[in-house]
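2 protein chains.
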Amino acid sequence: MKQDSVSAGMNGGKRFEQVVSGMQARMARGEWKPHDKLPSVRMLAAELGCHRLTVFRAYQELKHLGKVYVKDKSGYYVHPGGVMEESGSGGIRSLGYRARNRLSEIHRLPADYQFSEAVIDPGLLPNMYFSDYVKKVFDLYPRVLATYAHVQGDEELRESLSRYLVRRHRLHVSPGELLITSGAQQAIDLLCRVLVRPLDTVMMERPTYSSAVDLFLQQGARIVPVDIGPDGYNLEQVDWCMAHHKPRLFYMNPTFHNPTGYSVPEEQRKRLVELAEKHGCLLIDDDTSYDIYFGGQPPKPLFAYDTEGTVVYIRGFSKYVSPGLRIAVVSCRQPLMEQLVTAKSLTDNGTPLLNQKIFLHYFGSDRLQQHLEKLRIALQIRKDVMEEELAASGWSWTSPQGGLNLWIHLGEGVSSEQLLEKARQRSISFIPGILCDPMRKLDSWARLSYSYANEQQIREGIRNLIRCR
Amino acid sequence: MKQDSVSAGMNGGKRFEQVVSGMQARMARGEWKPHDKLPSVRMLAAELGCHRLTVFRAYQELKHLGKVYVKDKSGYYVHPGGVMEESGSGGIRSLGYRARNRLSEIHRLPADYQFSEAVIDPGLLPNMYFSDYVKKVFDLYPRVLATYAHVQGDEELRESLSRYLVRRHRLHVSPGELLITSGAQQAIDLLCRVLVRPLDTVMMERPTYSSAVDLFLQQGARIVPVDIGPDGYNLEQVDWCMAHHKPRLFYMNPTFHNPTGYSVPEEQRKRLVELAEKHGCLLIDDDTSYDIYFGGQPPKPLFAYDTEGTVVYIRGFSKYVSPGLRIAVVSCRQPLMEQLVTAKSLTDNGTPLLNQKIFLHYFGSDRLQQHLEKLRIALQIRKDVMEEELAASGWSWTSPQGGLNLWIHLGEGVSSEQLLEKARQRSISFIPGILCDPMRKLDSWARLSYSYANEQQIREGIRNLIRCR
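Sequence order for the protein chains is E and W.
Residue numbering for the first sequence follows my numbering, starting at 1 and increasing by one per position.
Residue numbering for the second sequence follows my numbering, starting at 1 and increasing by one per position.
Some clues are possibly wrong.
For identical chains, the list gives no copy identity; a pair is met inside one copy or between any two copies.
Below 27 Å or equal to it, Euclidean Cα-Cα: the simulated DSS-like pairs (lysine-lysine) are [unchecked claim]: (1) 136 with 319; (2) 67 with 422; (3) 63 with 33; (4) 319 with 135; (5) 71 with 270.
None of these hints come from the bench; they were simulated from the model.
Please model the entire structure based on the sequences and the hints provided.
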């Protein structure tokens, strides 16, 4: 879906978007009812006075969004909303899936001012160099595409990452305690499947990463929220929740937390591991922005304080190195690792070897450090620009020391959903707070990512957004 | 693990294997008990009179297999068998997982005569050309690694596959009805997660693909087996099972079936779709060897007979084009497709764009057809050689018209498990029938793959195998 944003122009831009939202509006107000046959591409194009290709693409988009369906060759029909939830979706909790669809929809609609996706502007990523590494990989391993990787991950890459984790963080993990996954998303998914059974309790920060909520709900978990603030957690609350709810695990994002950008301070980290050990609760530290710091380096990962196998560490690199490679690493102790490897073998038989080898060679090069230094500067400038423009808004936020997002409080009683609706008219997108809340409230908050749009777009977009208040 | 086979020499070959199996034997007979501290690498190497590196690697291997564990830096310990099943594995049924571990173990141990994995000899795959396509991909899409793919799959690839399916099989599927997955394994996994809830009934062929059994069991399904023979199914049995057990779906492999190589004849295909429609049972046609035919082309996929959205078609290409790319496609109708896309977004956020683009350009080239023609000839020769050598065995099988395996009946009362034990002494591997049986019986059968070993290895290996009778 990120690709669409890059090539938004291909869809015809604003006109296309108007056609799509116009059609959605007609369905919403019942002018077009479920199972109604819709006008042909030709007829609708004539009616709206636009190119047939635009209407065709609008139909494709609506089909993709599940708003219309196609019956053989007889044409387009209105999809009955909600039917999807009932028909054969198995044990899926609709809450999570509906929310996820909302998120996907927001991501998928093209926007000139894209503050919704926490992805980095491809222009800031080291594209040029990668083709060199790819060439090198084919020279070194001519049969790289004829071979499956080891299910647990390429050994050379796991050895390199093991050395890196020792050197960088003094995390003593052997290559056998590392699993390569296709991005951090898959790591959460595998952990969820191995660890969570229906009616298990899972602790999560509030707010948190929306797709993780969906995964845990899908597995039938009950979610207990824990507040996170600029100073981390209230450890008494954490202690009480662990004692009272006996959670199976605490899924957390303690370093440049998504969506708030907060980091849990060093002094809390050691104590958290002790609490988790005391209560037999696994800590899952999902860490995908460690290197995106603007001040000093963030505190060490929780894994550094673990001696009893209480912490699972997910380290993602995709976001700020090469989203297209889909490489993350999970580190944990036995016997959990063995279970994860089995789950990985059943889910996809291993992450593609080519991707692992490309990553290995880039990761081991000096270019990575150079890239990260430049990237931090570029992102900090974008963050500063966004904050500068937001100063006129009257909204409040805590300036984050790293990560990709601002977590904005719009003021009591102000609805971010309503703001988004107005913002869409001006081709601005962001994530309403409700999607980041496992309780699905927090409507007066919004997540704005400063990593994708350039400075000019940020200036214009935020000015226009403020006008939507 | 396939990679291991290629580089088996790196592990030290036979000596390494002897050390590993010797150590396993000492654990099996209780000389080394659960939680016992094991001798150091240095000591064991001295005792066995082999290189320390060999012992070190043996420990790594046993650790990997979950037979030993490491406690901080104090050394290696015997892992208590079975403990894994209890400790926090969530809703996992141990049956499936144990079997899968057996399969993994067999695959992972190096063998000079490798008849266990149904993978194609990398020497028969078009490795040389791929680096050209990779270069082309980087020229065409310089930001391919900076971009996420569309969750449903790259649009260009889905359009190309949609045209291909129309042209080749007259399957009328739009790009919106195709989902790109990271190999066929992931396709089964996604379908399983979206469609199957605990206590649902799933029909499967007997024998069938072992990992599919594991996936369905993991989801809590009850399995109803349906026999498959050289002439396909007994449709009365299928009808009765569907009426009686009301299965949610029938997972099938009707074209060059794994492990038997049988194909369900054309006249049964149409009738099967009618039966499935009548009983409201989804048919999942898992098709990963369509192009590996030795006689005429196989009958059209079941999807060709579907008008009501009763058939889901999984088409894998990885196996015979580029296992390392991990590309398969699922085609199905709405609303199922939408659910699969959501599940895909939660599981890994989309298959890497680079892999899709490389596949796209190779798939669209003339080289694919040339490769397939050569590959069919090479595999048929290997199959013929294996059958020629097996003639002396007294075992029986039906010669398959395609695929990668022979399904051998060793005779009533003969145990393939016992045969495998003897075969391992001669560095021969194959899959005992029990692993292919959802009922975990069929011990007097064995699956022998002729796709990996070369002709010389097949001749020697089969001769040696026959001596193990």
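Output the indices of the hints that this structure fails to meet, ascending. Checked against the structure, no hint fails, so every one of them is satisfied.
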